[in-house]
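Undergrad: Top to bottom, those sequences are chains Z and V. Here the first sequence is numbered in the numbering used here, starting from 996 and rising by one per residue. Here the second sequence is numbered in the numbering used here, starting from 996 and rising by one per residue.
Worth flagging that the hints you see were computed from the coordinates, not collected in a lab. Where hints are given, some of them may not hold.
For identical chains, the list gives no copy identity; a pair is met inside one copy or between any two copies.
[As the list claims (entries may be wrong)] Listed below are the simulated DMTMM-like cross-link pairs for lysine to aspartate or glutamate, each with C-alpha atoms no more than 25 Å apart in a straight line:
no.: 1; residue 1: LYS1084; residue 2: ASP1055
no.: 2; residue 1: LYS1021; residue 2: GLU1040
no.: 3; residue 1: LYS1045; residue 2: GLU1120
Chain by chain, the residues:
2 protein chains.
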Amino acid sequence: MLVPMTLHRIIISEILEQQTIDLVEKDGDRKLRIFIGIFEATSIERRVRKAPRPRPLTHDLLVNMVQSLGGELDSILIDSLENRTYFAKIRVRIGGSTVDVDARPSDAIAVAVTCQPTLPIWVEESLIEDSLDEEEDTEGSDDD
Amino acid sequence: MLVPMTLHRIIISEILEQQTIDLVEKDGDRKLRIFIGIFEATSIERRVRKAPRPRPLTHDLLVNMVQSLGGELDSILIDSLENRTYFAKIRVRIGGSTVDVDARPSDAIAVAVTCQPTLPIWVEESLIEDSLDEEEDTEGSDDD
């Protein structure tokens, strides 16, 4: 089952190589923690705080590209975990049908927060439970 | 007039904030030098040396997205210069028509080298001349 979640916080560390993104359940308090690279974390963070972007950056380009080709961004899905790596999809509506494109969760979330309003974020429920277990021993899964 | 060019070299410096990309005329020796950020330079460089990418990175996602939506990447164009900043377009064929999407030259070049074979790179001739002039006083234009 897919559970709607929202971006809860972004933790950017200058010491650690991996940055942290926490998603929280929309109608509850279960979390999903994902570790991502500094470029993706910064890209998400500057969008969330609506920092001015004088030129379209890579995730803006991705959103513009979809729109220019007649597609409409629908939502993102974080739907599987393999070898401690999360996998996501970006869902696009085009010409009456729906296309899911594989992406890293970090790219999918950056695309979600580039859109106004932010795209719905859906997470497979079994991943949320896995994540809670892992958080207890302060580990998590890697997005790279 | 648009002139066909190819990627000549990428100079990555750990000291400077800006990285350098040199394009060279396909049928000549005129050059165009563009300064870009480290993320974009690394993204281009790892594609050129065909470094393994275990997961689709942002520019791979962009190429996959275009293909998933039924588009076909055609070429990239670097076609204007304003306030020392170059502007580019990514040209896509879809449903019998052609769409040009605005992009930074660094994103456009990263998309070009992600495709197999590399997409044709077209540069407006007046920019090449400008660039040669500027190179003499060791300055150049910024992509950011």
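Undergrad: Which holds for LYS1021 with GLU1040 at a C-alpha limit of 25 Å: within a copy, between copies, both or neither?
TA: Within one copy only: 20 Å inside, 40 Å across.
Undergrad: For the identical chains here, do LYS1045 and GLU1120 meet the 25 Å Cα criterion within one copy, between copies, both, or neither?
TA: For LYS1045 and GLU1120, the Cα distance exceeds 25 Å both inside one copy (30 Å) and across copies (37 Å).
Undergrad: Reference check for the pair LYS1084 and ASP1055, CA-CA at most 25 Å: within, between, both, or neither?
TA: Both: 17 Å inside a copy, 14 Å across copies.
The structure fails to meet hint 3 from the earlier list, while all remaining hints are met.
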